[in-house]
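Undergrad: Each chain, letter by letter, is given below.
Number of protein chains: 2
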Amino acid sequence: MNKEEKLVVNAIGRKVPTRVNGETVVPFKGVGQHRPIGNKFGQRISSCIDFPNDGNKLVSSLKESLIKAGLKDGMTISTHHHFRNGDLVANEIFDIAAELGVKNLIWFPSASFECHSSLIKYLEDGTIHHIEGSMNGQLGRFASEGKMKGVGVLRSHGGRYQAVQDGEIQIDIAVIAAPTADFFGNANGVDGPAACGLLGFALADSQYADKVIVVTDNLVPFPCLPWQIQGNYVDYVVKVDTIGIPEKIVSGTTEITKSPDRLLLAEMTAKFCEYAGIIKDGFSFQAGAGGTALSIGIYFSEMLKKKGMKARFARGGSNKYLVDMLNEGLVEYILDGQTFDLDGVKSMRDNPKHVNTSPFTSYNYHGKGNFAQLVDVVILGATEVDVNFNANVVTHSDGVLLHGIGGWQNCLFAKCTILPVPLFRDRIPVIRDEVTTICGPGELIDVIITERGIAINPLRQDLIEKLKNSSLPIRTIQELKNEAEKICGVPIKQKFDDKIVAVVKWVDGTIIDAIRKVCPQ
Amino acid sequence: MNKEEKLVVNAIGRKVPTRVNGETVVPFKGVGQHRPIGNKFGQRISSCIDFPNDGNKLVSSLKESLIKAGLKDGMTISTHHHFRNGDLVANEIFDIAAELGVKNLIWFPSASFECHSSLIKYLEDGTIHHIEGSMNGQLGRFASEGKMKGVGVLRSHGGRYQAVQDGEIQIDIAVIAAPTADFFGNANGVDGPAACGLLGFALADSQYADKVIVVTDNLVPFPCLPWQIQGNYVDYVVKVDTIGIPEKIVSGTTEITKSPDRLLLAEMTAKFCEYAGIIKDGFSFQAGAGGTALSIGIYFSEMLKKKGMKARFARGGSNKYLVDMLNEGLVEYILDGQTFDLDGVKSMRDNPKHVNTSPFTSYNYHGKGNFAQLVDVVILGATEVDVNFNANVVTHSDGVLLHGIGGWQNCLFAKCTILPVPLFRDRIPVIRDEVTTICGPGELIDVIITERGIAINPLRQDLIEKLKNSSLPIRTIQELKNEAEKICGVPIKQKFDDKIVAVVKWVDGTIIDAIRKVCPQ
Chain A
28 MNKEEKLVVN AIGRKVPTRV NGETVVPFKG VGQHRPIGNK FGQRISSCID
78 FPNDGNKLVS SLKESLIKAG LKDGMTISTH HHFRNGDLVA NEIFDIAAEL
128 GVKNLIWFPS ASFECHSSLI KYLEDGTIHH IEGSMNGQLG RFASEGKMKG
178 VGVLRSHGGR YQAVQDGEIQ IDIAVIAAPT ADFFGNANGV DGPAACGLLG
228 FALADSQYAD KVIVVTDNLV PFPCLPWQIQ GNYVDYVVKV DTIGIPEKIV
278 SGTTEITKSP DRLLLAEMTA KFCEYAGIIK DGFSFQAGAG GTALSIGIYF
328 SEMLKKKGMK ARFARGGSNK YLVDMLNEGL VEYILDGQTF DLDGVKSMRD
378 NPKHVNTSPF TSYNYHGKGN FAQLVDVVIL GATEVDVNFN ANVVTHSDGV
428 LLHGIGGWQN CLFAKCTILP VPLFRDRIPV IRDEVTTICG PGELIDVIIT
478 ERGIAINPLR QDLIEKLKNS SLPIRTIQEL KNEAEKICGV PIKQKFDDKI
528 VAVVKWVDGT IIDAIRKVCP Q
Chain B
28 MNKEEKLVVN AIGRKVPTRV NGETVVPFKG VGQHRPIGNK FGQRISSCID
78 FPNDGNKLVS SLKESLIKAG LKDGMTISTH HHFRNGDLVA NEIFDIAAEL
128 GVKNLIWFPS ASFECHSSLI KYLEDGTIHH IEGSMNGQLG RFASEGKMKG
178 VGVLRSHGGR YQAVQDGEIQ IDIAVIAAPT ADFFGNANGV DGPAACGLLG
228 FALADSQYAD KVIVVTDNLV PFPCLPWQIQ GNYVDYVVKV DTIGIPEKIV
278 SGTTEITKSP DRLLLAEMTA KFCEYAGIIK DGFSFQAGAG GTALSIGIYF
328 SEMLKKKGMK ARFARGGSNK YLVDMLNEGL VEYILDGQTF DLDGVKSMRD
378 NPKHVNTSPF TSYNYHGKGN FAQLVDVVIL GATEVDVNFN ANVVTHSDGV
428 LLHGIGGWQN CLFAKCTILP VPLFRDRIPV IRDEVTTICG PGELIDVIIT
478 ERGIAINPLR QDLIEKLKNS SLPIRTIQEL KNEAEKICGV PIKQKFDDKI
528 VAVVKWVDGT IIDAIRKVCP Q
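In order, the protein sequence lines correspond to chains A and B. Counting from 28, one number per residue, gives the positions in the first sequence under my numbering. Counting from 28, one number per residue, gives the positions in the second sequence under my numbering.
Warning: the hint list may mix true and false statements.
Which copy is meant is left open, because identical chains are indistinguishable; a pair holds if it fits in one copy or across any two.
To be verified - Okay, derived cross-link-like pairs now, DSBU-like style, lysine-lysine, Cα gap no bigger than 35 Å in a straight line: (1) Lys266 x Lys380; (2) Lys337 x Lys266; (3) Lys513 x Lys332; (4) Lys334 x Lys95; (5) Lys380 x Lys337; (6) Lys285 x Lys33; (7) Lys526 x Lys56; (8) Lys513 x Lys99; (9) Lys380 x Lys275; (10) Lys148 x Lys298; (11) Lys495 x Lys380; (12) Lys522 x Lys33; (13) Lys275 x Lys95; (14) Lys373 x Lys33; (15) Lys42 x Lys174; (16) Lys373 x Lys307; (17) Lys526 x Lys42; (18) Lys56 x Lys95; (19) Lys493 x Lys90; (20) Lys307 x Lys285; (21) Lys526 x Lys495; (22) Lys544 x Lys333; (23) Lys33 x Lys337; (24) Lys90 x Lys298; (25) Lys95 x Lys332; (26) Lys495 x Lys33.
Please keep in mind that the hints were generated in silico from the structure rather than gathered at the bench. On a predicted model such as this, the values are computed, not experimentally measured, just so you know.
All chains, please: the whole structure from these sequences, using the hints.
TA: Structure follows, in structure tokens:
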């Protein structure tokens with residue numbers, strides 16, 4: 028970030044840059060206030076004359092495919108996180124780039140994981156200029172310490188689709204690691220040793236990238252079905268020995284939480300939904316994959332059984348418990364964005380009512396509506412919440428980048444958004460006067476549930492009215508904050524350097540906040 | 028067609044215009060000779076802020092939806108032929124347009140049928156300026172007699188996708204008649220009283236049209252699954268009483284031919300494939316829906332059973348006989364573009380190995396390959412073939428537009444293309460010195476099979492070699508032509524006016540031929 032570049036205060040009161048990595052950006056204008064103009068990006072027109080007559084797009088190695096795709100300095104290279112911490116492909120791409128002496132690449136992952144920490148050396152030696160995507164663990168610390176050459180750009184899953192669709196970012200080469208594929212490039216995530224469920228995070232890349240490479244360790248005869256990625260978008264197919272570490276891709280089993288605090292949060296959340304009249308025949312819900320969220324599913328399950336009702340659909344992250352609900356008829360459909368365990372993978376493969384979705388269908392804000400807004404209640408996490416219900420998911424209170432946004436921003440458009448959070452973590456209050464980073468505007472966050480009380484957003488007088496006579500501990504958010512501070516003390520404000528190390532985009536592509544370099548403690 | 032507009036002779040020797048309906052067009056340059064430049068069309072960027080928060084896009088009537096979509100003079104309106112001769116929606120659109128006094132519309136159907144003949148009155152009164160799509164029956168005669176204001180543009184199914192994708196035609200309003208849909212616009216063709224199988228012909232329109240209207244008579248709660256059309260592309264949903272006449276959409280049963288001539292053609296074709304070594308384990312084929320093609324499927328079936336082999340896939344048009352092959356394990360997958368009977372619909376709905384495809388996956392020449400080229404043998408019809416193996420499917424020898432191109436041009440890219448045709452029809456020879464209209468270049472047409480002999484294209488020395496010692500009556504195409512003329516006499520050349528009434532596009536968007544006004548006999 029050039030120091031001379033202009034900062035402005037955006038509609039939510041955050042000082043953000045107007046240019047990022049040399050490109051003009053739009054500061055956040057308020058929820059629903061930014062109307063896009065212009066047309067979607069059009070991929071370069073291809074022709075069958077430039078592809079093999081017999082449909083066989085196999086090349087001998089990832090290196091060969093990257094060379095054929097024209098890998099060169101400054102390109103934007105995309106990868107995807109459906110292998111989570113078991114991905115072996117992204118690192119190999121940049122090993123090859125470094126070997127070829129290519130510099131200043133932009134890495135555009137749908138998310139990064141701890142397994143990508145070895146890419147720090149390429150951020151240091153200039154192979155990678157910067158990352159557009161979440162930065163966790165060591166990568167997050169590296170960026171937070173101001174060591175990355177460019178400015179990181181954090182987007183939600185829906186925002187990533189939007190950015191690609193709208194041409195805000197143009198992918199030169201997309202590398203799609205696929206658990207199963209055919210020589211034509213049709214690919215899926217439900218079969219093969221690295222089965223991960225679905226490849227939805229790579230959809231935008233297949234549709235809009237200039238060159239698309241599918242890498243698989245399970246090549247099947249044409250046609251590979253289902254074709255979650257359509258070969259008609261694919262330039263090259265590479266067969267390798269291993270694309271991922273199965274046990275790090277999906278866990279064999281999913282554990283619900285044993286923590287009494289988390290169980291309490293889950294129970295309070297489920298009860299809140301019941302009192303609020305959300306749990307009814309044909310309702311819909313989405314909960315994350317953490318232990319608390321899993322437990323909420325179990326409570327919902329019990330409530331539905333007791334009432335003799337069923338949910339119309341659940342949006343996933345799917346896991347054994349959600350699959351059980353589907354199989355027991357407690358939920359009619361799973362609209363799944365990511366499978367978290369082998370039960371999820373198997374169910375998506377075999378049950379036509381367990382459907383793979385994509386950031387386009389579920390989350391794209393620059394579509395003609397999306398699924399997230401149809402969900403009756405969504406239960407999400409947060410690292411911090413402020414007294415105006417604004418919330419943070421990307422940094423902790425020490426200011427270090429630690430999490431991606433995932434679908435979190437997109438999910439806020441559900442009819443009711445609940446954040447069950449502990450009142451404090453490691454004696455650091457979660458509810459604060461101001462969050463370190465705003466990822467979601469408070470007006471979209473309806474309920475904060477802590478083990479010591481529930482705060483309902485004053486904008487939701489309907490919910491306040493419904494919960495008036497419940498047995499649940501309804502408080503104001505200020506009361507919750509005070510209670511935390513009574514126990515932990517008023518937190519000391521983290522100091523930051525002026526240097527902007529990353530920006531957080533809102534679902535419409537505008538800049539909602541900037542993340543600054545952390546000062547050494 | 029303005030008389031002053033320039034004509035040129037294209038690479039296949041036909042005199043074609045360089046401008047059509049006021050737009051510059053590219054004359055055919057030869058197979059694989061036209062490399063497109065530029066980028067695909069980008070649909071206008073939408074935003075969730077302009078769509079209902081709850082995802083409910085229902086409006087009260089087709090008329091209201093057309094008004095909301097901004098229907099006005101000169102717009103391009105698209106419809107689709109998945110209801111074949113049972114469509115009730117296309118006529119209603121133009122009834123509404125006429126009622127509203129809208130003029131000069133371009134109708135862009137994926138195909139037209141006899142049931143659309145009532146639109147002639149709107150071609151006469153200026154509601155519709157011209158048709159870009161096939162013109163059959165009375166519509167074909169109307170156009171052929173030079174009565175349409177604009178010039179008709181005939182495209183293959185793949186060419187239609189290509190034209191929309193490349194922005195050669197920009198659809199203002201797409202109206203997608205859907206046997207089942209939800210309020211969000213997700214839609215499919217496998218359920219509901221008007222079930223037709225699939226909605227692939229409408230895919231391009233959903234992706235690229237400015238406004239998309241889904242019309243259904245079977246509204247189901249969200250989510251409508253499978254979502255062959257994705258609601259994220261849809262602006263409005265209309266519920267009406269009836270969208271189609273089921274018995275005209277799909278026939279309850281499919282009949283194989285009882286004509287001895289056609290059975291002979293089918294048997295000769297199947298035998299040819301056997302001698303040519305095409306029928307082997309894992310092979311693939313596509314045959315049309317006519318009686319001859321159906322019978323070929325039966326011969327293939329018997330051959331596979333006898334040999335203990337199976338086909339890897341069949342491309343459809345599906346019907347009872349193909350579904351039987353799938354169920355008996357004689358073919359592993361049906362990759363279907365159009366279901367022709369209720370067995371096809373049911374199989375597509377219930378059998379995951381019976382997969383719906385689209386003109387994008389199967390036929391788009393401006394993609395990174397397509398399925399058609401992967402097919403080992405395709406069996407197609409033709410109205411005429413010339414001594415250079417060029418063939419015609421859109422006009423008969425009297426010059427009148429009578430058929431659409433369908434997927435015919437796209438299928439020519441299969442590894443072996445066979446046209447089984449009678450040597451003459453109504454005493455008019457099918458093999459001629461010159462076809463009335465060139466739809467497919469002879470270099471892509473490998474074999475002509477008639478009841479009196481088989482001609483192999485001299486370009487296919489490999490096939491000539493293989494069939495050398497077969498018992499089949501291998502002749503030259505000239506011999507076949509001579510034999511027909513010995514029986515029927517040399518056909519009198521049809522006379523045409525100079526006026527161009529329609530053009531035929533090749534799969535790459537270039538003009539392969541022009542169709543001229545017929546002179547009164």
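Undergrad: Between Lys495 and Lys380, at a C-alpha cutoff of 35 Å, which is it: within one copy, between copies, both, or neither?
TA: For Lys495 and Lys380, the Cα distance exceeds 35 Å both inside one copy (38 Å) and across copies (54 Å).
Undergrad: If the cutoff is 35 Å on CA atoms, where do Lys42 and Lys174 land: within, between, both or neither? Let me know, please.
TA: So Lys42 and Lys174 pass the 35 Å test inside one copy only (21 Å; across, 66 Å).
Undergrad: With 35 Å as the alpha-carbon cut-off, assign the pair Lys337 and Lys266 to within, between, both or neither.
TA: between (44 Å within a copy, 26 Å between copies)
Undergrad: When no copy is specified for Lys275 and Lys95, does a C-alpha distance of 35 Å or less occur within a copy, between copies, both, or neither?
TA: Result: close within a single copy only, 31 Å intra versus 50 Å inter.
Undergrad: Taking 35 Å as the upper bound on the Cα-Cα distance, should Lys526 and Lys42 be classified as within, between, both, or neither?
TA: For Lys526 and Lys42, only the intra-copy Cα distance (12 Å) is at most 35 Å; the inter-copy one is 67 Å.
Undergrad: Measure nothing new, just compare the shortest in-copy and cross-copy C-alpha distances for Lys380 and Lys275 to 35 Å and report within, between, both or neither.
TA: both (26 Å within a copy, 31 Å between copies)
Undergrad: With identical chains, the pair Lys380 and Lys337 could be close in the same copy or across copies; at 35 Å between alpha carbons, which is it: within, between, both, or neither?
TA: For Lys380 and Lys337, both the intra-copy (14 Å) and inter-copy (30 Å) Cα distances are at most 35 Å.
Undergrad: Since the copies are identical, ignore which copy is meant and state whether Lys493 and Lys90 lie within 35 Å (CA to CA) inside a copy, between copies, both or neither.
TA: neither (61 Å within a copy, 41 Å between copies)
Undergrad: Within, between, both or neither: how does the pair Lys513, Lys332 come out at a Cα-Cα threshold of 35 Å?
TA: This pair counts as neither: shortest intra-copy Cα distance 41 Å, inter-copy 81 Å.
Undergrad: Could you figure out if Lys513 and Lys99 sit no more than 35 Å apart (CA to CA) within one copy, between two copies, both or neither?
TA: Neither way: Lys513 and Lys99 sit 57 Å apart in one copy and 66 Å across, limit 35 Å.
Undergrad: If the cut is 35 Å between Cα atoms, do Lys522 and Lys33 qualify within a copy, between copies, both or neither?
TA: So Lys522 and Lys33 pass the 35 Å test inside one copy only (21 Å; across, 73 Å).
Undergrad: Under a CA distance limit of 35 Å, which applies to Lys148 and Lys298: within one copy, between copies, both, or neither?
TA: This pair counts as neither: shortest intra-copy Cα distance 49 Å, inter-copy 64 Å.
Consistency with the previously given hints fails for numbers 3, 4, 6, 8, 10, 11, 14, 19, 21, 22, 23, 24, 25 and 26, ordered from lowest to highest.
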